[in-house]
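**Student:** Chains as they are written, first to last, in our numbering: chain A, 1 to 953; chain B, 1 to 118; chain C, 1 to 131; chain D, 1 to 164; chain E, 1 to 547; chain F, 1 to 89.
Bear in mind the hints are in silico, worked out from the structure with no lab data behind them.
Some hints could be false.
Simulated pairs of lysine-lysine, DSS-like, Cα-Cα distance not exceeding 25 angstroms [stated by the list, open to error]:
#1 K541(A) / K437(E)
#2 K676(A) / K29(C)
#3 K775(A) / K105(E)
#4 K98(C) / K90(D)
#5 K29(C) / K91(D)
#6 K160(D) / K948(A)
#7 K152(D) / K947(A)
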Amino acid sequence: MGDGSNLLVIMALLPFVGALVPGWMIRAGRNACATFTAIPTILALVMLGLLAPDVMAGEVIQAEFSWLPQLGLSASFFLDGLGLLFAGMILGVGLLIILYARFYLSGEDPMGQFYTYLLLFQGAMLGIVLSDNILLLLVFWELTSLSSFLLIGYWKHLPEGRQGARMALAVTGAGGLAMIGGMLILGNIVGSYNLTDILASGDLIQSSDWYVPALVLILLGAFTKSAQFPFHFWLPHAMAAPTPVSAYLHSATMVKAGVFLMARMWPALAGTEIWFYIVASVGLITMVLGAVIALFKDDLKALLAFSTVSHLGLLTMLLGFGTPAAAVAAVFHIINHLTFKAALFMTAGIVDHEAHTRDIKRLGGLARLMPITATIGTIAALSMAGIPLFNGFLSKEMMLEEASHTYWFENPWIVPALATLGALFSVAYSLRFIFHTFGGPVRDDYPHKPHDPPFGMYAAPALLAVLVVLIGLMPFLAEPLVTVAASAVAGEALHPHLKIWHGVTPALFMSLAAIGGGIVFLLIHRPLDRVWLAAPRPEAKAIFEWIVEKLAALSRWITEISHNGAISRYVAIFTVASVALGFAAYSGGGVGPETRAMLPIPPLVGVGWFALVCGVGAVVVFHRTRFRALVVLSIIGLMISAGFVYLSAPDLALTQISVETVTIMLLLLALHFIPKETPKESSGLLRARDGVIAAVAGLGTGALAYTFMLRDVDTISGFHLDNSYEGGGGSNVVNVILVDFRGYDTYGEIIVLGIAGLIIYALMTALLNGPAGRKLRNTDFTRDLSRDRHPLMMVVATRVMMPIAVMVGIYIFLRGHNYPGGGFVAGLVIAIALLMQYMASGFAWTQMRQRIQYHAMIGFGVVIAGLTGAGAWLAGKPFLTSAYGYIHRPPIEEFEWATALFFDLGVFLTVLGAVMLMLYSLSRIARYAGQQVNLEPMDYDPADRVKKREGSE
Amino acid sequence: MELVVASAIGVLTAGGVYLVLRLRAFPVILGLSLLSYAVNVFIFASGQLAVNLPPILDKYGDASYTDPLPQALVLTAIVISFGMTAVLVMIAIGAFLDSGTDKVNISREDRDVEDPVK
Amino acid sequence: MEQFAEILISAFLVIAGIFGLAGSYGLVKLRDTMQRLHAPTKATTLGVGGVLIASMLYFGLIRQSLSFHELLISIFLFLTAPITANFIAKTFLAQNVKPEDIPETDRAYGWAVYEDPPGGTGVEHEDQRGE
Amino acid sequence: MLARRLVPHPIISVLLLIVWIMLVNKVTVGNLLLGAIFGLAVPVITAPYWPDRPTVHRPFKVLEYILIVLWDIIVANVEVALIILFKPNKKIESHWINVPLELTSAEAITVLAGTITMTPGTVSAMLSADGGNILVHCLDTDDPDSVRADIKQRYERRLKEIFQ
Amino acid sequence: MNHWIIAPIILPALLAPILGYVMRHDVTIARIGSIAGSVAMVAIAAGLFVTAAGGDISVYRLGDWPAPFGIVLVLDRLSALMVLLTSVLALIVLIHAVATNWDAKGVHFHALFQFQLMGIAGAFLTGDVFNLFVFFEVLLIASYGLMIHSGGRARMRAGLQYVVMNLAGSTLFLFALGTLYASTGTLNIADLAVRLQEIPVEEAGLVRVAAMLLMIVFAVKAALFPVQFWLPGAYSNAPAPVAALFAIMTKVGAYAILRIHNVVFGPDIEATGDMAGLWLFAAAIVTVAIGAMGVLGARRLMPLIAFSVLGSMGTLMLAIAAFTPGATTAALYYLVHSTFAAAALFLIADLVITRRPGDTLTTLPATVQNGLFAALFFGAAIGMAGMPPLSGFLGKLFVLENLRAPGQMAWAWSAILIGSLVTIVGFARAGSALFWKSTAFVLPENTITESEEDEEVPITHEPARAWEVAPTMAAIGALAALSIFAGPAARYLEATSDQIIDRTGYVAAVLSNPDGLKPYPKSHGDEEAGYGEDAAKAEGHTTEEAH
Amino acid sequence: MIEMALIFAMACYGAGLFFNLWRILRGPQAADRILALDTMVINAIALLILYGIKANTATYYEAAMLVAMVGFVSTVAYCRFLLRGDIIE
Ligand code: NA
Ligand code: NA
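Let the hints inform the model, and build the full structure from the sequences given.
**Tutor:** Structure follows, in structure tokens:
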């Protein structure tokens, strides 16, 4: 890459870098801000100037950086004639706008923000015209949508601004997304996203099956951006933006992006029938429609906006014609439209700024009050009208010429006639702009007395007006630029000659007809206006907003109906989906033959099964009477534990039965605070539905289990059986799996418990400190059927049983590695023993005698388990590697130790701590709820009676 | 025997699902407990069912044993579901105390109307 | 000897079975809750006791491995059965029986379920006084 | 005092040693030693929950009491089993009996209540609020007073000797 | 063996108890400890990332047991990436929580937070399906605690629903695992992959059920239709920083599908075929639609963001469902992107809604720093909606580019593009109401005080300090960085995707047990050797340990 | 002979389970249900021990012991719930 490439890249990025400036410089004042904002633009212009000679000489300057090669996205830029033209416009007008905005924006407007957005937009726009990679182009394309959103919504307090911004974003955004699709298809056809490659593959593209979808999607992008029918409606509403924005985005640059894109893709996409019929037709319709509407707009900016729509239609139509001459006309008109339309917007802005209104009906006679402005405006408007000697005339003549020999479905009249009609309306609204604003007598009812603005404000439009005249008189000045640009569009070298007089051509007559007709229309504007106002016509904004609102309402309806907070339904859907998809999956395969005979069913097992089924049925039937449901729940736990015993799973039985008990305790504690009954509220239909879902789910799981139980597979557990004793030092294989082979699972499992303890404690704290705390204090939860809280008999029995239970706990803990048991069950046994103590003597009394904090116990447990596991690192072994050995030292004949025991100790402590912390938290809530606290271990010790009697005697 | 276990799993699942679909927190908790029984037995059954072959190694004999791995998995699952149930129970209490209702479904009115604590 | 042991064990098992069945049957047969309370707390206790003794004898005499851990379960049951019965009885009384329907204590204090113990039922906890 | 702190409940310690042996189900020196260690250690942990240890005066009386109760339990079971199995419900005549107590030790009252529950046709339903009476439910009797007298004579008297 | 592999799990697992039990009385110390731990976690994760970048798959055999008998941790590019992503996100969220004082609004925040990290890291690193379940539970239960952190009426009830739904999901997980073990006899992912290759489709009924149920389980986590219903309620009622952290939680589901349904049930496996892809694809399409509609129809900011998360999960899943290397690369890119995008949105939402009464999108007076918040919201929103210059746009292009299969393209493209449009419109409406319209709005004097009194969450009118804004900026910065460095990122992700799809490499690494492992196999089975010593074995032929 | 006696005893306790179940489901008083459940637990203990004899193993003894212990605790808890509302006040 040469110097030119570097310069090109720097130029492309300058506005983005520059966007950082205003936000920072605004602290130095508004003048400094504007000045420093201009600098990046000026620099970029200078660079463009440096590059221009090479481009004018026919060279294409390229630069490429890798960005996301996996996608085919690279940061590639190139500068050819078309790019040069547009870059020049973007930067040149940009500079003028910066100048103009400095004077236009009032003191309350955040100028830093404005310039930041403006430069962001400038960068995005520049990016579009310089991209040599269509994905990169898409990036910049979407960026223009975003930055224009910010600019249109700049006056955020104005509803029109917000709505206009959203509408512009929605419409251009939609087009942009369609274009993404189109570009991706296009890239796929060509096999490259590089624009240069794509432009060279026109034939390949146009012969592809995917040509039409790609074309349509890309055109959607272009049409929305360039406000082509039927997407034209957003543009006038974007006029809510400050006038500099309208002048810059909505006349000079952004709306031309669509036109640019069509011009850019011309070699690749244009020239086919479908291209002609879509593009030219849409352009033609837009041109006429825009012009007609413009005539009846009273707001100066709206008038100009629809005029812009019309002119964009004109450009689109020209590009749609697909001939080199039309390309030349289009390029030339792009330049001319830029000059007069930007000048007109700025003029309108000045009028608004001075007179405090843009309503034509409230204006008139300004020529005398602000002659400079009037002069500028008149020159520009005459150009817009296509009056000879101004530049607009030249390109319009070329357009009419092209239209005059264009056939539309073999009809030679339609296109020229409509083109003339468009030109006619164009003359009419242009003249209306001049005469109804500046002409006529001076009025005395302006909202504000207008004067010509300071030089800074009219300098920019004045300069443009000068250009209008210059090009109008000496079109050859523009010829080199038009030549390179048009050649770039056409993809071949063109040699156009721009001149004022073309001789007596059909175009001349069409032009004359337009001017004459235009004058007539202006004269009869008043009655026409009445007819227009009386005629029913769709209000695009209203329709758009109606559609968006309806879509939003529909979305809201669907969303809220489906996500209505009914977890029951969510779970029902989840269940049905699981069963259905599971079944679908199953039916796609098959199962092998049964490989195992069924085990016999002893009668006792049948009894247990019956009790279990009854238990489940009873829980379901009794579930409204909550306590009763809890009682029958115990049957199920008991039967399952018995089943585990019978089916060779003693460890499971131990765990199941102890967990079951603690769970019941928790549920009982919970039931204390919540309603004791469940109201009957689901309808019969709902219950039936749930019944069916439940039955299907039950059948599914049952059948699944039945299927796999009769089929053997080879499992990895043979290894565990083989290595448990020698490798893990224990003969209870289940325990060795838990603390060794899969000790890591157990580590996770105790952490779950520890977290559960923490959450419950945290929740309790949050509850007591929140509104629930207040409520608790005012609610009496006590059932208080009985007046004895801590009966003597229970206390005494517990005193004896406590130590025994602790002993059992120790025993279960120590033997776990070799026999059923282990840290988890031991922890629960001790917890249950403590629970017994709490039930006997009450929480307060017991807690007072409790020396170890449960928090600490959980912490120690988790840390001990973790450190035991990490201890293996000392031996260079992985986490949780165990060691074991035997101590032979009389009188203890053989004492076996294993590091797994320490791990199990961690398990034990965590379990105990977590369970007790849960109980503690629940009990704390109860105490908060106004419960009395006991200071004695039992309600009344009869021995006290004796002591008292003795004392009194 | 397999039929007994499979049907027990089915019944437990059905009961559990039915209760989980109820509208109040308490039956939902009961339902989840039943489901947790069901799934524990289900995993347990994924090994071979065997009578009187507990995986406690006999140091001196060469006995055969049932598959110990599913048992270990079930143990882990039991403990985890205990922790989960405990948290769920506590949150149910919290939700009830905070909002005055133990409905599990949150209706539009619940979301829109901010009734202060009574 | 073996023969005798078998007879002994079988006898215990049969007796235990009968008592166990009687206890559970009583639960169904008897008229009201307090009556039903008699059945299991007695019959079942001896039933299980019989089973436990049979088990001890079986492992001690037949399997020649002296076993007495069954005793522990017996101790447990003997310790807990009265407490259980006591609680169930109180539950029944508190829910279903008015103080008038049972004999009075003929002393200063009535029955525990209906009357506070001397000295009341504890004190307020700091939690209730607010934090 | 230190001894009391270290061995808060000697009887419990012995009991726990026995429990340990029952648990491990194997009498070896090692197990005895381990059992002794735990037997001493566990009561130290649980001692706070049993602040005033009861005193037992006559160990032989304890043995005698246990034997009597065991015998009565067997009798009770037979009697109740017969009532349940063969007596028509209509003919079963239940009674509430108020038994005033002379015992004042909580442990003694508990043992008495337990004994009542385990023996013929009686269940101790509750105590009075100050622990001075036991409410007994009698399954089937035509003479409630004799039942009360029996309880006081056969059990309370012996317990009084043991505990007071 | 590289012990650092387990560090992302052990570090928070040891730190959390200390935070929860020792430091629970002093919030300052807890904060220092927690942040220090999280910084260390980022460093460790970065180290692991570098280690894995080379392409070697490191296996950590817990307890020194050989795979598949013990549990192994597997560090490959994917797990390293996910752990790094988690730790960076966590640090950002943690700083936000501390700076905005969220952590002090309830107890045990830091302990739960660290446990949450442990669970997530554990899920990403494990090579065992049951262990995956265990760590799912760890991360879930920690998330329950975080979800209801600081309490409140709506949060509590939403929390209850969140727990119920996830318990249902966990139950299904266990059903799936039971079926899987019953039909394959193993739990190790690599071993499952080997065994699955052997199962002919005529006998694959059970494993197919297992595969499908597992997919549903993961879909619940990833919030895919029709099991996505829980997400909006949960995320919109969680404390906003927690919701930001949850951005990674949905990714856990996505990760699991990427891992399990590529390595074990890959589309080229005869037994399961393209079953997963088909269903995932359909579900993802609907999810995108639901997300977009939710964004457009939202009345409140938090649900709006939650629905946008749904939509992004749909897009992500579309890419995952293709099960091709290119689409997987795109999926990974989008995964990283959408994590930070969601986090950024929730964080900025937190800054805003703690300064106004509630998060309704009705107009209320502008908050302090309206302009700053608006800018941050704009940045985060264009990130999420997939607009340039942030990474969402590239991610979207990337996904679209790789979904070109016939029958796939029309649906996927329409869904993603139309979904984007609707999302953009939705965000524009919301942002306009929150930040633009508010500038023109003044609430009548008396109403504001009244509504403030009722609020459970007190409103602050303090401007956000630098520390409070920095994490949001960092998240948006991550999006920018991901966009600028898309090339290098995609290179790594491409390699990652190749590694994911290369089942053989994974299996070989996991099942090749070096000598010197503990149990000296008294070989299991009749074949002399233990389990697959090398790739050759893993790759193809059977491991029939006929018993 | 022992075999026969075992089967007899098991049949007795098995039948007992039915009676317990009946009473649990039938009530009518909560006390009845608790009582029946407690009895069922005790019957289950007996069955466990019987099964231990039949299977000729002591492995299941711990289960019986644990059932005895937790059965008591849960019975007390059920009663306390009805009596006092809060089981560990
Ligand atoms: Na364990
Ligand atoms: Na099987």
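**Student:** Which earlier hints turn out false for this structure, listed by number in ascending order?
**Tutor:** Of the numbered hints, just 2 does not hold.
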